[in-house]
Amino acid sequence: MSAPMLSVENLGASYGAAQILYDLSLNVGRGEVVALMGRNGAGKTTTMKAIMGLMAQSTGKIRFDGHDISGRQPYEIARLGLGFTPEDRRIFSDLTVLENLDIGRQPPRKFSDGVPAPVWTEEKLLALFPNLGEMPNRPGGRMSGGEQQMLTVARTLMGNPLLILLDEPSEGVAPLIVELMANTILELKKAGVSILLSEQNVHFAELVSDRAYVLEKGQIQWNGTMAELAENIDIQRAYLTV
Amino acid sequence: MSFNAFLFQALNGLSAASGLFFVAAGLSLIFGVTRIVNIAHGSLYMIGTYIAYSIATKVGGAFGFWGGIVITALLVGLIGAAIEIVLLRRIYRAPELFQLLATFALVLVINDATLWIWGPEDLLGPRAPGLTGSIEVLGRRLPTYDIFLIFVGPFVLWMLHLALAKTRFGRLMRAATQDREMVGALGVNQAMLFTGVFALGALLAGLGGALQIAREPATLATDLIVIGDAFVVVVVGGMGSISGAYLAAVIIAEVKALCIGLGIVNFGGFTVNFSKLTLVAEFLVMAAVLIARPYGLLGREQVAVRSVAEPEEPLRPSTPATKIAGLILLVVLVCLPLIAKNSPYTLVLGIDVLIAVLFATSLHFIMGPGGMHSFGHAAYFGLGAYGAALLVKWFAAPMGLALAAAPMLALVGALLFGWFAVRLSGVYLAMLTLAFAQIVWAAVFQWETLTGGSNGVLGVWPSAPFDTRTPFYFLTLALAAFGVLLLRKFLFAPFGYAMRAGRDSPLRAEAIGLDVKRVHWLAFAIAGAVCGIAGGLFAFAKGSISPETIGVSRSIDGLVMVLLGGIQTLTGPIVGASVYAVLQDYMMRSTEYWRALLGGIILLLVLAFPSGIVGGFVKLISRRKTTSKAAS
Ligand SMILES: Nc1ncnc2c1ncn2[C@@H]1O[C@H](COP(=O)(O)OP(=O)(O)OP(=O)(O)O)[C@@H](O)[C@H]1O
Ligand SMILES: [Mg+2]
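As they're listed, the protein sequences go chains Y and P.
In terms of the numbering used here, the first sequence is residues 191 to 432.
In terms of the numbering used here, the second sequence is residues 902 to 1533.
Source of the hints: derived by calculation from the structure; they are not laboratory data.
Since the model is a prediction, treat every value here as computed from it, not as a measurement.
Treat the hints with caution; some may be incorrect.
Unchecked claim - SDA-like mimics (lysine to any residue), calculated; alpha carbons at most 20 Å apart, straight line:
hint: 1; chain 1: P; residue 1: 1067; chain 2: Y; residue 2: 296
hint: 2; chain 1: P; residue 1: 1067; chain 2: Y; residue 2: 326
hint: 3; chain 1: Y; residue 1: 314; chain 2: Y; residue 2: 292
hint: 4; chain 1: P; residue 1: 1177; chain 2: P; residue 2: 1224
hint: 5; chain 1: P; residue 1: 1067; chain 2: Y; residue 2: 311
hint: 6; chain 1: P; residue 1: 959; chain 2: P; residue 2: 1025
hint: 7; chain 1: Y; residue 1: 379; chain 2: Y; residue 2: 206
hint: 8; chain 1: P; residue 1: 1224; chain 2: P; residue 2: 1025
hint: 9; chain 1: P; residue 1: 1067; chain 2: Y; residue 2: 292
hint: 10; chain 1: P; residue 1: 1067; chain 2: Y; residue 2: 329
hint: 11; chain 1: P; residue 1: 1067; chain 2: Y; residue 2: 286
hint: 12; chain 1: P; residue 1: 1294; chain 2: P; residue 2: 1350
hint: 13; chain 1: P; residue 1: 1067; chain 2: Y; residue 2: 327
hint: 14; chain 1: P; residue 1: 1067; chain 2: Y; residue 2: 295
hint: 15; chain 1: P; residue 1: 1418; chain 2: P; residue 2: 1401
hint: 16; chain 1: Y; residue 1: 379; chain 2: Y; residue 2: 316
hint: 17; chain 1: P; residue 1: 1067; chain 2: Y; residue 2: 325
hint: 18; chain 1: Y; residue 1: 314; chain 2: Y; residue 2: 278
hint: 19; chain 1: P; residue 1: 1177; chain 2: P; residue 2: 1356
What the hints assert, rightly or not - Rough simulated footprint, nothing fancy, chain P against chain Y, three-plus residues with beta-carbon under 8 Å:
hint: 20; stretch: 253-265
hint: 21; stretch: 275-289
hint: 22; stretch: 293-306
Beta carbons: idealized from backbone N, C-alpha and C, even for Gly.
Based on the sequences and whatever the hints tell you, model everything.
Printed below as a string of structure tokens:
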């Protein structure tokens, strides 16, 4: 197997004096969907922020598609093809759907081995998320939570990412949207995009993931295939909400 | 006054509004995206007036004037971009107040650079070619150039709206105003965006300045006057809102124009000269708006900026080493009259420094532990100084009584203003405190019968036995030490903990039963009273007091002292005030360009010690400690 798309070694991160992540290592292979599981406060979001260069204080080594991205600025990391959809969505509420998409726009790109990555356009994305297609000029501030969730994913896709850090896309949205998110993830996987998915819910993760890491108190407690985790009730009891 | 005269004044107001709008719009755009309050924005406007004057007179003719305006705007835009790249880019991660300090240092540098290039004289530009005439409106003559200005404002407003809506740069600006971190995570290089916004804001300021040369001469006082007005406009309109800025510019300009139009009015034997109320009027409007709509007319509540700076360190009671150092310092200060027997000037400087220390420590009390960034601490200094001086002037009060009255009057003022101020936070609180200070200043300046107006109050000399230098020095030392120790006592009492709890997490503090607003209000009042002592001492030390000594620049001096020393330590304001007072005194005596020198030093310090002198020192020591620990 070739080198992973994303590899994180000995990641540590703190907010001020409070250290949140300890010596955390994980990797995501090309075209793989990997779940990062853990309860509220386990450190899933912090891990993603640290990978994205959004934590002021972090240590460790992060490689992405052959580049060392540790300590790089978020925009540099994004320009290498790493996409981030935050759990709180962070839609620009004054901007319309189309304008939000425009902010995420980046030129088409290739994997480091020369294979072109999937290219996304507004038309494709509005077709993928028909709800958005119905409201292209609606300001982001006047959309429902589910619609905002779609928009934040679509906005990240406008950057034609090679890998997406997808933070709890199923949190607080209606079952229909959860299903749509699962389908979208599978669709992206088919197109060759890798995904690191943060999730608390085993059922959702099971639908889409190949492998899983289980996080608690900022440390990896367990890792293995998703199928193994789905059967391991002990681990689920200990570290996840069942 | 007739209805027509009213309308005519209203037209006048509209043409004045345009210039104000340009500066305010630039300030507002820059603040929205970068979260930097650019105090040097008035300086960019001022440079605009001078450059446009030079092009208009050197090149001459229609091209020199109209082409000059365009070239000026572009040049000032370039200067703005250069400032962003060379200076501001390095301090985006520094605390907000440090950014303020840096832009204030720029004000000093730019002012002296302008003095150096163009000299101290006021420079009146040529009339606008093609628009030199006037037309008759409502029975009076209105210059055609003013009519032109009336239309330029809305035109630029419209252009800005188009640019914000229809260009990618405009969309990025709007997005970054809301959440610049997310914009970065989507692959946008913030540095480019920030440079662009700064250039655009500077261009607008330069344009505003260039358009003024046909109406008013270019002068060195423009920078602070314009930035004061622009702050008012931006705060009234709502930070980050361009339409709000225009609306507010019109309101402020109209209120001023109407005050001038009303002139002297007789209310049943009581005459009020409204044309002298222009200064108070705009700040009254601002205070009223802030109280009724804390985020301005068209503004909205600021999303908390995701913290990039390091969190505040907890305050520590002084270590034995600090205590000993303090004691030694006190002994040296007590012996100063002996040490400096042969240079009487040292004592004069010593008195100045001690007053500065008291002033800065009282400001630090609310800024550091209280988290309230007052931009108008001069108000309480002024109330103290005038309180004491007026008692001497009108009642021939002895010094003891006058000095006791100083903190009382300041306390009353601080209780009144603080009650409103603690209801706001951040930039809005800063602006409201500035407004209150301007009201005090304007009242003193314009209430001539009581205060002597711009001449001030003279002959405020200390009475025996303090009428010679050495005893007065001891008196100042005693009161300064008393004030500083008193504030320290408060900080380490439960009251001080409550203050800091209220600053760090107001919600949690409320949840455990603290009345945060009340605690902060009391803190504001205590700081005001102590500051009043400094004001009273100042009046007696100088023998006089005048409005110019209690103006904006004193408030800013206080900020600079506190920030220089570092906001997170209690020794900070003492060191900062001493360094600043001595530097200022030394430089004022050694060069005509002391402002530039001072500004340059502040810039260097900001770049070298982004947490203040004392803060930087503490960090250096703790770093050394950890490395030596690691080595052992
Ligand atoms: N801005 C912050 N400042 C200080 N501590 C924080 C901050 N954000 C998160 N934390 C702490 O970091 C820890 C990990 O938080 P994180 O958001 O990474 O968890 P999470 O696994 O994403 O949880 P959730 O499922 O609730 O989103 C928590 O203990 C949280 O309290
Ligand atoms: Mg999370």
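Hint check:
no., hint, verdict
1, 1067(P) <-> 296(Y), "holds, 18 Å"
2, 1067(P) <-> 326(Y), "holds, 15 Å"
3, 314(Y) <-> 292(Y), "holds, 14 Å"
4, 1177(P) <-> 1224(P), "violated, 51 Å"
5, 1067(P) <-> 311(Y), "holds, 19 Å"
6, 959(P) <-> 1025(P), "holds, 13 Å"
7, 379(Y) <-> 206(Y), "violated, 37 Å"
8, 1224(P) <-> 1025(P), "violated, 58 Å"
9, 1067(P) <-> 292(Y), "holds, 12 Å"
10, 1067(P) <-> 329(Y), "holds, 15 Å"
11, 1067(P) <-> 286(Y), "holds, 12 Å"
12, 1294(P) <-> 1350(P), "holds, 12 Å"
13, 1067(P) <-> 327(Y), "holds, 13 Å"
14, 1067(P) <-> 295(Y), "holds, 16 Å"
15, 1418(P) <-> 1401(P), "holds, 12 Å"
16, 379(Y) <-> 316(Y), "holds, 19 Å"
17, 1067(P) <-> 325(Y), "holds, 19 Å"
18, 314(Y) <-> 278(Y), "violated, 24 Å"
19, 1177(P) <-> 1356(P), "holds, 16 Å"
20, 253-265, "holds (count 3)"
21, 275-289, "holds (count 7)"
22, 293-306, "holds (count 3)"
Taken one by one, the earlier hints fail for this structure at numbers 4, 7, 8 and 18, listed in ascending order.
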